[in-house]
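Student: Modelling step: build the complete structure from the supplied sequences, incorporating the hints.
Residue numbers (the UniProt record's numbering), protein chains in the order written: chain X, 1 to 110; chain G, 1 to 110.
Quick caveat, the hints were computed from the structure, so don't treat them as lab data. Keep in mind the model is a prediction, meaning the values are calculated, not measured. It cannot be assumed that every hint is accurate.
[What the hints assert, rightly or not] Partner residues are not named here, just some residues of chain X that face chain G (Cβ under 10 angstroms, in silico): (1) Leu20; (2) Lys22; (3) Val23; (4) Ala26; (5) Gly28; (6) Val38; (7) Asp41; (8) Glu43; (9) Phe97; (10) Pro98; (11) Ala103; (12) Pro109.
Don't be surprised by glycine CBs; every beta carbon is placed ideally from N, CA and C.
There are 2 protein chains.
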Amino acid sequence: MGDEQGGQWLEQPDTAEIELVKVLHALGDPVRLALLKVYADGEQYSCAPGALGLDHLHKSTVSHHMRILREAGVTSTRVVGRSRYVRLRRDDLDARFPGLLDALIAALPA
Amino acid sequence: MGDEQGGQWLEQPDTAEIELVKVLHALGDPVRLALLKVYADGEQYSCAPGALGLDHLHKSTVSHHMRILREAGVTSTRVVGRSRYVRLRRDDLDARFPGLLDALIAALPA
DNA sequence: GGAATGGTTTGATGTTTGTCAAACGATTCT
DNA sequence: AGAATCGTTTGACAAACATCAAACCATTCC
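Tutor: See below:
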């Protein structure tokens, strides 16, 4: 139907309204920093704990972390059917905080 | 007496042991991110709330934030007499996480 | 020695947070 | 329609956190 992506987007802050302190707070948690590593390849992922290497966490816990990342402006979420496809807001973050994302991803632990 | 700096240093993690998630957690707080802005000039500062633009906070609260920054590896503290001189571990952080500090300081809110 | 000074430590308090479990909502499949 | 699926929401709970106040510890000044 002309929309090559389909679905709608969950609410997220405008690029100009992304706050550094919220981004750092969002990423200052072991689980969410691990998620940054997953999303670093630019691909989109569903929220299934298994697809994210978070098998040890309950799905509601993953949902909670997803919300924090999205509300901080780190990720964007597209809804299609029952699924959510989450990915890094790389362009927006690069525009707002030049060099930050690259430095963070490079600094990620092995 | 041959020591151009004088005093001793408070305990802090070795450069190689600085953890990204702890740095981000330390900086993911409004007060401590404001302190990064203070320390961004590379100078050293005493812990007096007034000298740091933290007049609204109790000195014990400032001391608490200082400890978190130091234990995360963000700052180093030199003790001389009754005073503590705190400054950014810029070289160590640049070595451990190239580009991160520059990007963070550039991203600091006005 | 005694008082003042710069920070730390400890205790108390209210808030935020990470987690799970159960209930729920919407979508898809049969 | 009914069942299965993917994820969210709500509630509960323990742990962590930010803050202040009071006590404390060195050091410096008188």
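Student: Hints first: check each against the structure and report whether it holds.
Tutor: Quick rundown of the hints versus the structure:
With 10 angstroms as the threshold, the beta carbon of Leu20(X) comes within range of chain G, its nearest partner Cβ sitting at about 5 angstroms, so the hint holds. Given hint, Lys22(X) at the interface with chain G, holds; its Cβ is 8 angstroms from that chain's nearest Cβ, closer than 10 angstroms. Evaluation of the Val23(X) hint against chain G yields a held restraint, the C-beta minimum of about 8 angstroms falling below 10 angstroms. The interface hint given for Ala26(X) holds, since its Cβ lies 7 angstroms from the closest Cβ of chain G, which is under the 10 angstroms cut-off.
For the restraint placing Gly28(X) at the interface with chain G, the shortest Cβ-Cβ distance is roughly 3 angstroms, inside the 10 angstroms limit, so the hint holds. For Val38(X), the shortest C-beta to C-beta distance to chain G is roughly 15 angstroms, which exceeds 10 angstroms, and the interface hint is violated. At its closest, the beta carbon of Asp41(X) sits 18 angstroms from a beta carbon of chain G; the interface hint therefore is violated under the 10 angstroms criterion. Hint status for Glu43(X): violated, given a least beta-carbon distance of 22 angstroms to chain G, over 10 angstroms.
Interface hint at Phe97(X): satisfied, since its Cβ lies 4 angstroms from the closest Cβ of chain G, which is below the 10 angstroms cut-off. Because the closest C-beta pair between Pro98(X) and chain G is about 7 angstroms apart, less than 10 angstroms, the hint holds. The interface hint given for Ala103(X) holds, since its Cβ lies 4 angstroms from the closest Cβ of chain G, which is under the 10 angstroms cut-off. Checking Pro109(X) against chain G: minimum C-beta separation of about 6 angstroms stays under 10 angstroms; hint holds.
Of the numbered hints stated above, those contradicted by the structure are hints 6, 7 and 8, listed in ascending order.
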